[in-house]
Amino acid sequence: MQFGAMIIDSLRESRDRKTFWVLGGITGIIALVMLSVGFGPEGTSIFFGTWHVESSLFNPQSEAGAARILGVVVYMIMDNFLGWIGLILMLIATAGFFPSMMSKGEIDVVLAKPISRPKLFLYKYVSGMVFVLVQATAFVLVTFLIVGFRWGVWAPGLLLSIPLMVLLFSYLYCVSVLAAVITRSTVAAVLLSLGAWIGFSLPRTALDTLAVFPELDKNSAIYSSMRVLATIPPKTTDIAYLSARWAGAGLSLDIAPTSAMTGPGGGMNQDQLDQIREREKKQFKVSALSSIGSSLLFEAVVLMLAMWRFCRMDF
Amino acid sequence: MVHLAETEITNWAVDLIDARKTYGKNIHALRGVNIQVARGEIFGLLGPNGAGKSTLVKIMMTVIKPDRLSGTVLGRPVGNRKKLAVTGYLPEAHRFPPYLTGNQLLDHYAALAKVPRDVRRKRAPILLDKVGMSQWADTRISKYSKGMLQRLGIAQALINDPELLLLDEPTDGLDPMGRRDVRRMLLELKDQGKTIFINSHLLGELEMVCDRVAILVNGMVARQGTLNELTEHTAEYRITADGDLSDLRIQVERLGCALSRSMIVIAGDDRKIVNQVIDLVRSKGHEIESVVPKRFSLEDVFVEALGSVSETSPMARPPNLQ
Numbered sequence: 001m002q003f004g005a006m007i008i009d010s011l012r013e014s015r016d017r018k019t020f021w022v023l024g025g026i027t028g029i030i031a032l033v034m035l036s037v038g039f040g041p042e043g044t045s046i047f048f049g050t051w052h053v054e055s056s057l058f059n060p061q062s063e064a065g066a067a068r069i070l071g072v073v074v075y076m077i078m079d080n081f082l083g084w085i086g087l088i089l090m091l092i093a094t095a096g097f098f099p100s101m102m103s104k105g106e107i108d109v110v111l112a113k114p115i116s117r118p119k120l121f122l123y124k125y126v127s128g129m130v131f132v133l134v135q136a137t138a139f140v141l142v143t144f145l146i147v148g149f150r151w152g153v154w155a156p157g158l159l160l161s162i163p164l165m166v167l168l169f170s171y172l173y174c175v176s177v178l179a180a181v182i183t184r185s186t187v188a189a190v191l192l193s194l195g196a197w198i199g200f201s202l203p204r205t206a207l208d209t210l211a212v213f214p215e216l217d218k219n220s221a222i223y224s225s226m227r228v229l230a231t232i233p234p235k236t237t238d239i240a241y242l243s244a245r246w247a248g249a250g251l252s253l254d255i256a257p258t259s260a261m262t263g264p265g266g267g268m269n270q271d272q273l274d275q276i277r278e279r280e281k282k283q284f285k286v287s288a289l290s291s292i293g294s295s296l297l298f299e300a301v302v303l304m305l306a307m308w309r310f311c312r313m314d315f
Numbered sequence: 001m002v003h004l005a006e007t008e009i010t011n012w013a014v015d016l017i018d019a020r021k022t023y024g025k026n027i028h029a030l031r032g033v034n035i036q037v038a039r040g041e042i043f044g045l046l047g048p049n050g051a052g053k054s055t056l057v058k059i060m061m062t063v064i065k066p067d068r069l070s071g072t073v074l075g076r077p078v079g080n081r082k083k084l085a086v087t088g089y090l091p092e093a094h095r096f097p098p099y100l101t102g103n104q105l106l107d108h109y110a111a112l113a114k115v116p117r118d119v120r121r122k123r124a125p126i127l128l129d130k131v132g133m134s135q136w137a138d139t140r141i142s143k144y145s146k147g148m149l150q151r152l153g154i155a156q157a158l159i160n161d162p163e164l165l166l167l168d169e170p171t172d173g174l175d176p177m178g179r180r181d182v183r184r185m186l187l188e189l190k191d192q193g194k195t196i197f198i199n200s201h202l203l204g205e206l207e208m209v210c211d212r213v214a215i216l217v218n219g220m221v222a223r224q225g226t227l228n229e230l231t232e233h234t235a236e237y238r239i240t241a242d243g244d245l246s247d248l249r250i251q252v253e254r255l256g257c258a259l260s261r262s263m264i265v266i267a268g269d270d271r272k273i274v275n276q277v278i279d280l281v282r283s284k285g286h287e288i289e290s291v292v293p294k295r296f297s298l299e300d301v302f303v304e305a306l307g308s309v310s311e312t313s314p315m316a317r318p319p320n321l322q
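As you go down the protein sequences, you meet chains H and X in turn.
Here the first sequence is numbered in our numbering, starting from 1 and rising by one per residue.
Here the second sequence is numbered in our numbering, starting from 1 and rising by one per residue.
Quick caveat, the hints were computed from the structure, so don't treat them as lab data.
Just so it is clear, the structure is predicted and the values come from calculations on it, not from any experiment.
Keep in mind that a hint or two might mislead.
Below, computed lysine-lysine pairings styled on PhoX-like, alpha-carbon distance capped at 25 Å [claimed, not checked]:
no.	chain 1	residue 1	chain 2	residue 2
1	X	K272	X	K284
2	X	K82	X	K65
3	X	K130	X	K146
4	X	K82	X	K114
5	X	K114	H	K119
6	H	K104	X	K146
7	X	K114	H	K18
8	H	K104	H	K119
9	X	K190	X	K114
10	X	K65	X	K130
11	X	K143	H	K104
12	X	K122	X	K82
13	X	K130	H	K119
14	X	K25	X	K82
15	X	K114	X	K65
16	X	K190	X	K82
17	X	K65	H	K119
18	X	K130	X	K114
19	X	K122	X	K190
20	X	K272	X	K294
21	H	K18	H	K119
22	H	K104	X	K284
23	X	K65	H	K104
24	H	K104	X	K190
Derived DEER-like restraints, expressed as beta-carbon distance ranges [unchecked claim]:
no.	chain 1	residue 1	chain 2	residue 2	range
25	X	R68	H	G195	39 to 45 Å
26	X	G32	H	R12	57 to 63 Å
27	H	A188	X	D118	39 to 45 Å
28	H	A300	X	R68	50 to 56 Å
29	H	A188	X	K294	56 to 62 Å
30	H	S56	X	S142	55 to 61 Å
31	X	T139	H	A188	30 to 36 Å
32	H	G25	X	R180	48 to 54 Å
33	H	P118	X	V303	41 to 47 Å
34	X	D118	H	P118	26 to 32 Å
35	H	A300	X	S145	53 to 59 Å
36	H	G25	X	G193	51 to 57 Å
Just so you know, even glycine gets a beta-carbon here, dropped at the ideal spot from N, CA and C.
So here's chain X without its partners, still in its complex pose (with noise of 0.2 Å):
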């Protein structure tokens, strides 16, 4: 038996086994997601739109409720009151009391997270002029603009000092300025020591902030691993040599690669066939110019996980035009 003590010095941050969650009798938004954040890093989940990522999230801050999961949160069982005390949230498409100022919404909300009235009064003015929104601390927030709005959603997740911060598409709305400074602010979080769940479908948003990613596609992962891990394989192989190579076209199509004019595609990363083809080449009297091995983007990775899942899942096929 696991004592509850034990668990909570994990190194999991987020620890989720098996999360299920069907909306009425056959729109299964999960089916079995197990997904592991460590505590102190960046942790990005990708997908499609409808893939899945904002129901987990509402998952774990207990909005909604999962039809089977087990697994911790900061160490306590999903849900747990005094985890949520430290955990920060922004969800997609928030929406705030617009008759409460910027400071009053942070107060209000810094009450209802227990953080006592002293330190929320010092807190929300340094957290609003973090995020660029002093001078508009005291106007209602029907006056807000959109990226004004989730600026303010930003300082409101932080408003308890959280250990675990989870933000549901954080650049939604913001121009391009705003969203360097919610990069700049997550790396700076992540040197505090805080652990940062980012759901969003930007994958360049994505690629520059997170330690780890994971994506979802139809209530599943497909991947999940540093971006070292999804992106080191190669993806192709690019040949080029002087002259035109068309006398070589059917030797290279029977090694399953491609030609066009004087460059030779090789998909994969089988490295015989790369020396085959570099053989085959220089046989013919050709000079090689270059081999220029192309890694995998994680928008390459991403679109190869959509297009597994969508094989082997038939509710993610496209419909029969015919």
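Here chain H stands alone, though its shape is the one from the complex (with noise of 0.2 Å):
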């Protein structure tokens, strides 16, 4: 009863918060562009017809191109509006959760109802997940829908990203509560989570950007120290490839990392190319367990820091 009530009203909040429609709306937005896009056998329509290209390329009745298809889908709608706009903005939308519940008057009539303080901790801090569950479900099922009725591409694989995207706003989620219970203030809640994977994601981009400077001494300090940072969970890189690996499942596609799609240019030679798709094939093949276990270690050490200074405060 408790528990309903807890997510009852964290759903009410966050309809009440623009966030939420801001991302419904993103949501729609890129449904229209995805419904406006069709691929066949004979080439890509663009803007429902409009114009015409002539490609083979990005054919669903091929493996190839279904696997095309799936990998735009993938690295470039889901990684960067659910996996990068949509995060920030429900990272936004859920930071207030806390600070709103711990602000002067509200928690004191909280707290005199006959629940504990790890329990209301808790079922608040899984009503943040179920918001991004809401909305990740809707952002996915719309794309799948939409990539198996328009694009003729029926990739069950896909749903899995709802719980990898649930599982990465978690591993943030975690630090942006910490700091808005230390500091009661959703700026800082926002900031400090946003910081945080920022600084989860750089040893991984900045191996990544190393890469392309083949004559640099892969044993030099600066790289054997990204190297290390690399390993500290929570791995939220990780999750793009495990997404990606996990959309083509069941279908015996190999949805290729963003590089096998690309040529050289941009300043990559063949040779640096051809390293970073290496690298990437081995990103690929991540782990799930190591990555998704570790990085849950991870939040469960900051949640009970978290629950630990919530349960002691006085208010």
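Assembling the complex is the task here: the two chains are given apart, and the hints tell you how they should meet.
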């Protein structure tokens, strides 16, 4: 009963925030853009057939074409919109959940109810996740249906992006909650969680960037330290690879990493591109168990810290 | 050893012993407070701002953790979840989620208080009607005035049909009619056997409804008792005689009394002095018109309590301006 009340309250709270509707709007716009594009054996139609590009590259009837379509969906749409803009908006939308519950006058009434502080903390935390679950489900489901009905590629594995996205969000949300519990400030929670996200992704991004320079000594201090830092959880960047791998699961489709779809250019020669492809292939085969397991361990530690603090606070 | 079952049948709804709370290193909010509230009575906790009233109530409601406290609330240790389920609380300066309507708010807090769905659906409209908020039940709280929020707060505190009701400044923000409604409601609740604990600095409000009061000053209980007990002592006698009594000034002042033309004011309730003054007045040929004993009001008791603690507590003294 108490859990249900907290969930309903959080959904009402999120519905009251502009970011909720902005996210819904983004989902709608992306759905419209996707619907305006059609893939077929003869080529690709754009903006409801206004333009037509003749190419068999995205032929959904061929395995390679279907893999490319899914690659576009995973790497361009999921990663950029849900995994980037969407995630930022979700962090902003949920960052205020704890500070508003802990605000003077409001927390007094809640704590006076027969609910223990650890339970209250966990229920509120899960409420934030439910909000993201709703948004991610709407986005991925719409994408899945358009990819199936409009583009002719039915990839149930795409639906696994829902839990993966919630998982990625949870890695950052725990930091947001810790910041909120300590500072009671929504702004601090947003800034610290976004800062943490940059911090978590930095070593891997730095390694990718450094890989472009083959002349760089792989045993240099900076290279080695980045490699070590990249092993520290949470591994936010792994989610994109897992999402791509699982999107093609059951279809015998190998959803290639981004670089596989591009040729030399942008200052890269064939050798550099091959190196990146090699490394991306390795990352692509990341172990779900160790990546998610270690990241969840990190999340648990941060949450325990936040809960400990919450349970000891005077309001 | 006392079993919990035995303690639950105690007559005290609230029995706090040695409640202590210090913020930081040297802000002593509570310095060993002992308070007993009998079941079925309306108890008022009085005190100036910063006396520790809200801290004490928040400790009872587990919002603040005490440094030290023994005793019980409704026969169970403070913070017992089962007893919180039958306790209603209205905090001072409460803030409700602005995105909810009055109805939704009551339903939400009732669910947190583990009130079954069918019961809370029946009870919410009754309570909203009781506090005069029926027509605003489906309006978002963000549109409520301060007085409306206070009314809703009271309904919220009653949603779980509490045995014990703790109200922190319940008439704050209410107009005179609203205050009267609240007083009437409190007396009704008392008649139903509820125990009510009111925190307030409005003496008049408490005087009208409370059976017993405690005065908290600087984190200590300065006075505690029934209104009769606290105000039964005579504060002063006023003796009025015919004509000008100026010729008695020296003798009157020697007895520790004050004289103003035809009236003598005797502080305290020492009847011996009163008789001495009467004899003195009559011995000089004046006729006594009246001897009026003036009893303490709650305000006098409050001011006196404030003064007595100020004298003993260096923290309460005003800064030395010299």
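> Against which earlier hints does the structure fall short, listed by number upward?
Replying inline: 7, 10, 13, 14, 21, 22, 24, 26, 28 and 35
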